[in-house]
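Visitor: The lines below spell out each chain.
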Amino acid sequence: MNMSGPSWLAVFFAVVMLTVAVYSGGRLVASRLWSRPIRLDVDVVHVLMGLAMAGMFVRALDPLPARAWEVVFSAVAAWFAWRCLVDTSGQIVNRPRSPQPNAASHYPTHGVMALAMLYMYFGFPAQPKGVAGATVATSGASAATADFVGLPLLFLVLLLGSGIWELDRAERAKRAALAQEMPETSREPGPAVELVGAPRQMTAGWGPGVSVAAAAQLDASGHVTRGDSCLPPGLMTVSHVVMCIAMSYMLVVML
Amino acid sequence: MSGVMGVYAPVAARPLVATGSRPSARRTLQLALALIWLLDGVLQLQGFFFTKAFGSQMITMTAAGNPWFIARPISLSGAMIAQHAVLADSAFALLQIAIGLGMAWRPTLKAALAASIAWSLGVWWIGEGFGGIFNGTANPVNGAPGAVILYALLAVLLWPRDVAVPDCTFAASMTIGTRGARALWSLLWGSLAYFAVAGANSSAQGLHDLITSMASGEPAWLASLDRDVAGLVAHQGTILTTSIAILLAIVACGVYLPRRPGNITIGFAVVLALLFWVIGQNFGALFTNSATDVNSGPLLILLAAAFWRPVRRRPDVPDAVSPQPRGSLS
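Top line first, the protein sequences correspond to chains C and V.
Quick note: the first sequence uses our numbering, first residue 3, plus one each step.
Quick note: the second sequence uses our numbering, first residue 1184, plus one each step.
These aren't lab readings, by the way, just hints derived from the structure by calculation.
The model shown is predicted, which means the values in this text are computed figures rather than measured ones.
Wrong hints could be hidden among the right ones.
Cβ pair distances, simulated, as ranges [to be verified]:
| # | chain 1 | residue 1 | chain 2 | residue 2 | range |
| --- | --- | --- | --- | --- | --- |
| 1 | C | 83 | V | 1263 | 32 to 40 angstroms |
| 2 | V | 1414 | C | 72 | 49 to 57 angstroms |
| 3 | V | 1366 | C | 77 | 51 to 59 angstroms |
| 4 | V | 1269 | C | 69 | 31 to 39 angstroms |
| 5 | V | 1319 | C | 9 | 40 to 48 angstroms |
These stretches of chain V come out as covered by chain C in the derived footprint (C-beta under 8 angstroms, 3 or more residues) [claimed, not checked]:
| # | segment |
| --- | --- |
| 6 | 1206 to 1217 |
| 7 | 1223 to 1230 |
| 8 | 1257 to 1269 |
| 9 | 1275 to 1284 |
| 10 | 1481 to 1490 |
Cβ coordinates follow ideal geometry from the N, Cα and C atoms, glycine included.
Construct the complete structure from the given sequences, taking the supplied hints into account.
Guide: Structure representation (structure tokens):
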């Protein structure tokens, strides 16, 4: 039985990952040039993961040796673990939370992604450049990880769950903006679970005056970007979902 | 760049109210179903499915023992898939990924659910030979009556409604009402009870043979677990399958009981589904590099969650009374 994936699929995913890396890199540049709001740590990590995964799919594209990537993703995992800790302890001692409303899910999600990358580097035996087809996606897991399947399965579920959650949350944020736009009288009575009861101060500036076009400028985490932003918020969500799927594919091949 | 790492730059950035909110229980179930579809799509990208063996062996194999009018289309489809293995598998994977993502993105939820029903019914026939119910090999322990039909059932039960159903007491009852949902639950679990003791399943060595056959291709620890469990159930098949059938029948009737005992039977259902998934299905054979789906265990658990009756009388907010645009929520 053929345990590996087809090479053309690996090339396809490599191109997609490079596109994500370039897009995220572009966001970083654009945010600096035009002072656009971005989530810096996410975009930096997406650039790194995009490059690293492209190299995993097609080894010739790998800009760094595996050891260097292991160091990089160890640092990334440590960073997000630290941010989780700070965020959680802030909640415990009743300090103001991170200004990011979805920090509770954003930090662990990217921490898990970094750990999954580490697992893939540790699980896949290092191959010299130029070895035909010697990528994670075309040759499967090493003998050391062949029987160690619980962790990749866990990563798989968490990553795909994260992609699903992100898609739903982006749409919820958009709907919430539209609902805010509705006049009070047009809201039907009933337990409006997703809106009623939200602190009014959080909606400052987002009352009936907000336009549909402006609402559409919400990014995946519910923050508002300028109406003329050159950083389409939906693409950030798409990048995350695509990255989760690509990483899941690699993990499936390694199962 | 203004702002520090991990923090939004302050320029024109404000948090919005709904980002901290959570989806409803019903929406959470839809998202769980979406996750399973997405996982299935990624599993379909495994190397084995791009080979001729997928069509000529895996698909064609399901025709064996079925009546000719069921077997013939399976054989034809298997041959066609084998001839165009790469194209066919790419399309299958893409469709399943699209269904998963479509369920997660609310504007395409209904389309994705409809597609999932159509796809499930097709695969139930062509890919699973109706779960072996016509050739006497159906056994709930290893996934009968076919995991894929459970996707269709869940899609029906979780279909978004624009009009509130007055008597809904659990998430699954919001689409077709409490009576209809209970009838479907009883039909499913009642059929599982029947198949547990049907044919050779209730023989003294039936359960032993089934579990032993699962060990092939699994990681060493799982194969070892299979062998150990098979040893424990050797020659105990009749009494064990009868006990399983009785438990399944209790679960089938449990939805008609009052809330508390009813929920206890839902708990039984979850335990049984977990046991089936681990022992009889080896986690859906995910570790064999030839699994197309997660098998029935997780889907039965998801179904059980949809029938769980919470303390409050109204488990969920009907789609139509939320402030979102009519006809487009969840």
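Visitor: Please go over all the hints and tell whether each is borne out by the structure.
Guide: Hint-by-hint comparison with the structure:
1. Checked against the given bound of 32 to 40 angstroms, the beta carbons of residue 83 of chain C and residue 1263 of chain V, roughly 50 angstroms apart, lie outside it.
2. Checking the proposed 49 to 57 angstroms range against residue 1414 of chain V and residue 72 of chain C shows it is violated: the Cβ atoms sit about 42 angstroms from each other.
3. Judged by the Cβ atoms, the range 51 to 59 angstroms given for residue 1366 of chain V and residue 77 of chain C holds: they are separated by roughly 56 angstroms.
4. Against the hinted window of 31 to 39 angstroms, the Cβ-Cβ separation of residue 1269 of chain V and residue 69 of chain C comes to about 36 angstroms, which satisfies the hint.
5. The beta-carbon spacing between residue 1319 of chain V and residue 9 of chain C, approximately 42 angstroms, falls within the hinted interval of 40 to 48 angstroms.
6. Requiring three or more residues with a Cβ within less than 8 angstroms of a Cβ of chain C, the coverage given for the segment 1206 to 1217 of chain V holds, as 5 such residues are present.
7. Only residues whose C-beta sits within less than 8 angstroms of a C-beta in chain C count toward coverage, and the segment 1223 to 1230 of chain V has 5 of them, enough to reach three; the restraint holds.
8. Here the segment 1257 to 1269 of chain V counts 1 residues with a CB under 8 angstroms from a CB of chain C, which misses the bar of 3, and the coverage is violated.
9. Requiring three or more residues with a Cβ within less than 8 angstroms of a Cβ of chain C, the coverage given for the segment 1275 to 1284 of chain V holds, as 3 such residues are present.
10. Look at the segment 1481 to 1490 of chain V against chain C: 0 of its residues bring a Cβ nearer than 8 angstroms to a Cβ of that chain, fewer than three, so the hint is violated.
In terms of the numbered hints stated before, the structure departs from hints 1, 2, 8 and 10, listed from lowest to highest.
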